[in-house]
Every structure is written in structure tokens, then in C-alpha cells.
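K.L.:
Residue strings, one per chain:
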Amino acid sequence: MNLPLLRWLWHRSTPALTVAAAAPVALLYVLLAREPLAWNDTAAFLFIVVHCAAPMIALMRFNRPVAGFLYTRGYTRDTIWSHTLAAWGLVVLAVWLPAALAVWTPLRSLVQDRVFENPNFPMMQPAEALVPLVWLGIYVLATAACYYNVIRAFQPMRGAASGWLVRLTVLLTAFMVLTTRPQAGWLVALLVAAGLVASVVLLAASRRLHRRMEVRS
Amino acid sequence: MSTPALHTQRLTRLYGYTRALDGFTLEVPRGRVVALLGPNGAGKTTLLRLLAGLIEPTEGTVEVLGSPSRNPPAEAARRVAVVIESVEPPGEASLSQMMALQAGACPTFDRPACELLYMQHTLAPSQAYGALSKGQKRLALAGLALSSGAELLLLDEPADGLDPAVRRTLYDLLRDHATRHEATILVATHVIGDIERIADDVAIISRGRLILHAALEDLREEVREVELPGAADLPDLGDGIAVLGRRLEQETLLAWVRTTAEAAGQLAERLPATATVRPVDLETLYLAITNHPAAARTAAKED
Chain W
574 MNLPLLRWLW
584 HRSTPALTVA
594 AAAPVALLYV
604 LLAREPLAWN
614 DTAAFLFIVV
624 HCAAPMIALM
634 RFNRPVAGFL
644 YTRGYTRDTI
654 WSHTLAAWGL
664 VVLAVWLPAA
674 LAVWTPLRSL
684 VQDRVFENPN
694 FPMMQPAEAL
704 VPLVWLGIYV
714 LATAACYYNV
724 IRAFQPMRGA
734 ASGWLVRLTV
744 LLTAFMVLTT
754 RPQAGWLVAL
764 LVAAGLVASV
774 VLLAASRRLH
784 RRMEVRS
Chain U
89 MSTPALHTQR
99 LTRLYGYTRA
109 LDGFTLEVPR
119 GRVVALLGPN
129 GAGKTTLLRL
139 LAGLIEPTEG
149 TVEVLGSPSR
159 NPPAEAARRV
169 AVVIESVEPP
179 GEASLSQMMA
189 LQAGACPTFD
199 RPACELLYMQ
209 HTLAPSQAYG
219 ALSKGQKRLA
229 LAGLALSSGA
239 ELLLLDEPAD
249 GLDPAVRRTL
259 YDLLRDHATR
269 HEATILVATH
279 VIGDIERIAD
289 DVAIISRGRL
299 ILHAALEDLR
309 EEVREVELPG
319 AADLPDLGDG
329 IAVLGRRLEQ
339 ETLLAWVRTT
349 AEAAGQLAER
359 LPATATVRPV
369 DLETLYLAIT
379 NHPAAARTAA
389 KED
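Same order as they appear, the protein sequences are chains W and U. Heads up: take any position in the first sequence, counting from 1, add 573, and you land on this note's numbering. Heads up: take any position in the second sequence, counting from 1, add 88, and you land on this note's numbering.
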């Protein structure tokens with residue numbers, strides 16, 4: 574891990590601002606939500622997608638002079654690719670981990686039980702334990718999809734509209750999952766497996782495309 | 089024989105329907121300082137971007153220090169330093185952060201030397217890049233390039249915005265870097281005086297094509313300006329003499345020719361007695377072969 578590069582990516586205002594804005598929102602949501610947390614919670618899903626997409630697109634505008642500066646310092650494309658992902662991983666962890674810990678420790682349960690006198694708690698605490706992991710999975714998928722799309726848009730001779738098929742597929746899948754809210758165990762397992770495979774494929778493809786990506790500052 | 093520092097082969101780059109580069113072929117041996125000259129929009133910055141690996145050629149190939157400029161291996165990537173117009177760090181980045189980023193990529197980066205250069209020009213490491221003047225920004229970027237120990241420097245107007253004294257210092261440093269590291273430097277500039285100060289070779293680009301690449305010393309010896317009063321065109325000058333440009337101005341033909349050493353005597357023999365042959369300076373030659381109307385005026389003024 575190249576710490577100067579990681580620090581450089583972290584210090585660019587977007588990741589730090591994102592953490593500052595999103596971390597309290599995520600934590601407060603987890604502490605204050607009265608209903609037991611569910612893996613297919615629409616609000617959490619939208620939060621994750623916006624949290625991933627907006628800042629990442631801002632971070633990776635490859636037509637800005639700052640991108641040209643980074644790409645001409647002597648780092649290989651693969652190094653920049655992996656460190657951008659690592660910087661983004663830190664952003665996700667800084668937002669997701671406090672919220673996840675609030676679920677896994679008795680904090681959420683205590684707040685609901687003692688402050689709000691919610692009758693579901695502490696009984697529901699074990700049932701919520703898997704939810705943060707599903708959120709992390711959605712984070713991984715959303716990050717991979719965003720990263721792939723941004724990099725694809727800057728392929729030689731391609732415009733920003735490139736990659737529309739992937740975007741459409743992700744949006745339609747998300748819409749389907751949110752509206753049908755599948756409950757069957759096998760379907761949920763299938764969705765998780767498909768999400769994992771899609772994440773791996775998108776990340777591998779983004780790494781390959783990143784080697785040819787154009788920086789048009 | 090070592091691989092050339094730069095090698096482009098039939099390099100073409102399109103932006104939409106515009107040909108920024110059109111079959112550009114150039115080979116630069118290691119250790120040469122090459123000035124890249126060309127009018128605005130000639131393709132200089134596109135060439136530098138291609139060499140820096142920021143964009144991909146539409147056709148042709150680009151090799152830098154023996155590796156493809158796109159996605160080179162780490163050991164090749166860190167041996168190239170780039171200062172290109174409009175490629176700048178974010179305004180909030182401090183010079184210290186910029187140096188740290190550079191050092192992270194290049195183990196050969198000499199941070200104390202970079203800090204010393206900054207200090208000599210009243211730049212503090214804690215200063216934000218965005219707070220610097222245009223000249224200071226140029227100096228800050230040039231400092232990173234010069235301290236990186238790079239074997240190849242790609243520079244686009246590196247002295248733009250610098251006062252004459254700092255400009256001279258910068259070019260002296262570049263020359264010194266080329267000598268100490270046996271480095272190759274490709275520098276795009278409009279200032280002919282700068283070129284004559286540091287360059288070994290000159291490459292002139294016009295409308296995306298390389299129209300001249302030669303050693304400055306050779307140009308001084310081999311290129312001549314021919315003035316032919318009352319002539320509409322040049323007579324046949326024979327083999328070994330290339331016509332680089334010509335212009336008809338008030339019934340006088342001005343032509344710029346390049347002769348080989350063997351053909352030098354042949355030039356006077358083939359021209360009529362009314363012809364005047366004289367040495368030509370780089371600026372006039374540049375204006376002439378890029379077909380700039382000022383070339384004839386410059387020549388006439390010298391008379």
C-alpha cells in the first residue's frame with residue numbers, strides 16, 4: 574500500500590466531506606429507526622446508492638486538471654486503480670462501521686428499549702445482526718457499478734453516455750428488488766450470490782478498462 | 089544501441105472530425121534536448137498528452153523509454169516527469185503534499201533539492217498551490233519534475249509566466265538536469281530565445297504533422313535563405329537540396345532551403361546571378377516553414 578497516494582486521494586475534499594456528512598446520518602438512522610431493520614429497507618438502499626454514486630463521480634472526473642496531475646506523477650494505472658478503491662473503501666467503512674457496531678453491540682437495542690420503550694427490543698436484536706452485512710454487500714455492488722461506469726465513460730472515443738446498458742441493468746434490478754421485496758430464502762440467497770458475482774466482474778472489468786482510460790484535462 | 093527515448097510512428101489523434109495529429113513520426117535519441125515548436129493548435133499539447141499516456145492514439149504507436157506510453161510498467165512510469173499546460177494539482181493541495189505524492193511514486197525524488205529550489209524562489213512547502221501566482225505555479229511544477237531524477241522530461245511551456253531572471257534560471261536548471269542525468273527533454277515553447285539557450289534539436293510541427301526535425305547546429309550550417317528578385321519560382325536545385333518553404337513578396341521570391349554538405353556548392357551554381365543567399369535565424373525559418381506571413385516581413389526587415 575502506497576501511503577502518500579492513499580493520503581492524496583483521501584485528502585481530496587470529496588471523501589472527507591462524504592464521511593462527515595454521511596456518517597452521522599447513518600448512525601442516527603440506525604439508532605432512531607423504530608421498526609426492526611430489514612435487509613431490503615428502501616431508505617437504507619437509497620442512502621447507500623447516493624452515498625456511493627455522487628461522491629465517486631465527483632472524485633473521478635477524469636476531465637479535470639487534477640486527474641491529469643495525479644496520472645502524470647509516475648504511478649502505474651493499476652496502482653491508482655487499487656488505491657482509489659482503497660480510499661473509497663475507507664469512506665465506506667467510516668460510514669458503515671459505526672452504524673454496524675451500533676446494531677451489533679447493544680447500543681441500538683438499548684436506545685430503543687430504554688429511550689423509546691420500543692416493545693420489539695431487546696428481543697429483535699439478534700434478528701437484525703445480518704442486516705449490516707447485507708448493507709455492506711449493497712455498498713460493494715454499488716461501488717463496483719459506479720467505478721466501472723465512470724471508467725467506461727472515459728474510454729478512448731467514447732462519451733459520457735457510454736455504459737448505459739450497465740446502468741440500466743443496475744437500476745432495473747434495484748427497482749425490482751425494492752418493489753417485489755422478495756422474502757423467500759432461496760431468492761435472497763440467489764440475489765446475494767448474483768450481487769457478489771456482479772461486483773467481482775465489474776471490478777475486474779473496471780481494472781482492465783482503467784488501463785486504457787483517457788484523462789482529458 | 090540503446091532504445092530511443094521517444095518514438096512515435098504514424099501517430100494520429102482525432103477529436104471528433106478534427107485531426108489534432110496526422111501521421112506524426114518522431115524519434116528522439118536519449119540524452120537530447122528537443123524544442124518542440126509550432127503555431128497554436130498545431131498539435132503540440134496533444135502530442136505531449138499522448139507521450140504522457142493521458143490519451144490514446146487513434147492510429148499509430150507511441151513508445152517512451154522503450155515502453156508503450158499507455159500503461160507502462162512501474163519502472164518506466166516513474167522515469168518520466170511531465171509538466172503540461174492545464175494539468176495541475178487541486179488548488180487546496182500544499183506544495184508539501186505535492187512533494188509527498190511525487191516521492192511516493194519516484195524513489196529517486198530528491199525532496200531536499202526540491203525544497204531548496206522552492207526556498208530560493210520564496211515558495212514555502214506549506215503554501216497552497218491555488219494561492220500561487222501563475223509563474224510560481226509553473227516553478228512549483230517544474231521543481232517537482234527537476235527533482236524527480238527523471239530520464240525523460242515532457243514540458244509544455246514550462247517558463248510561461250516567469251520573469252526573465254527566473255526564466256533563465258529555470259532553463260539553466262533544465263540544461264543542468266539533462267547533463268547530469270543524461271536525460272532527454274522535450275520542451276514545447278514559443279520563445280525562440282529559450283530554445284537557442286538549451287536545445288540540441290528542434291522539431292517543428294504544423295497542422296498535426298512533423299515538418300522539420302534537426303539538430304540546431306545542423307540547421308545553422310545547412311539552412312539558407314534565398315532571395316530571387318523578379319522570379320516566380322525556384323529553378324531546379326538538384327538532389328541534396330530541399331526547399332523548406334517559399335513565399336512571393338512584392339515580385340521577389342523568398343525561399344528557405346536545406347542543403348547537405350556535399351550539395352552546398354551546387355546551390356550557388358544552380359541559382360541565377362541576381363540571387364542572394366544568406367544564413368537564416370531560427371525564428372525566420374520557423375515562421376517560413378509554418379507558412380506564417382511574418383516570415384517575409386522579418387526577412388525584408390533584416391535587409
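Note that these hints are calculated values from the structure, not bench results. From the three backbone atoms N, C-alpha and C, an ideal C-beta is built for every residue, glycine too. Warning: the hint list may mix true and false statements.
Claimed, not checked - If you anchor each label on the Cβ, the simulated ranges turn out as follows: (1) W:Met697 to U:Tyr103: 58 to 68 Å; (2) U:Thr149 to W:Asp651: 18 to 28 Å; (3) U:Tyr103 to W:Trp677: 36 to 46 Å; (4) U:Gly249 to W:Arg580: 51 to 61 Å; (5) U:Ala201 to W:Pro679: 53 to 63 Å; (6) U:Ala201 to W:Ala762: 58 to 68 Å; (7) U:Thr106 to W:Leu605: 35 to 45 Å; (8) U:Gly218 to W:Arg580: 10 to 20 Å; (9) W:Gln728 to U:Pro323: 20 to 30 Å; (10) W:Leu680 to U:Tyr103: 53 to 63 Å; (11) W:Ala702 to U:Thr196: 50 to 60 Å.
What the hints assert, rightly or not - Far from chain U, some chain W residues (derived; all Cβ distances over 12 Å): (12) Leu576; (13) Pro577; (14) Ala606; (15) Ala611; (16) Arg637; (17) Leu643; (18) Asp651; (19) Leu658; (20) Val707; (21) Ala767.
K.L.:
Does each hint fit the structure? Answer for all of them.
P.N.:
Going through the hints against the structure:
| no. | hint | in the structure |
| --- | --- | --- |
| 1 | W:Met697 to U:Tyr103: 58 to 68 Å | holds (59 Å) |
| 2 | U:Thr149 to W:Asp651: 18 to 28 Å | holds (21 Å) |
| 3 | U:Tyr103 to W:Trp677: 36 to 46 Å | violated (53 Å) |
| 4 | U:Gly249 to W:Arg580: 51 to 61 Å | violated (29 Å) |
| 5 | U:Ala201 to W:Pro679: 53 to 63 Å | holds (57 Å) |
| 6 | U:Ala201 to W:Ala762: 58 to 68 Å | holds (59 Å) |
| 7 | U:Thr106 to W:Leu605: 35 to 45 Å | violated (57 Å) |
| 8 | U:Gly218 to W:Arg580: 10 to 20 Å | holds (19 Å) |
| 9 | W:Gln728 to U:Pro323: 20 to 30 Å | violated (54 Å) |
| 10 | W:Leu680 to U:Tyr103: 53 to 63 Å | holds (56 Å) |
| 11 | W:Ala702 to U:Thr196: 50 to 60 Å | holds (51 Å) |
| 12 | Leu576 | violated (7 Å) |
| 13 | Pro577 | violated (3 Å) |
| 14 | Ala606 | holds (37 Å) |
| 15 | Ala611 | holds (41 Å) |
| 16 | Arg637 | violated (9 Å) |
| 17 | Leu643 | violated (8 Å) |
| 18 | Asp651 | violated (8 Å) |
| 19 | Leu658 | holds (17 Å) |
| 20 | Val707 | holds (36 Å) |
| 21 | Ala767 | holds (31 Å) |
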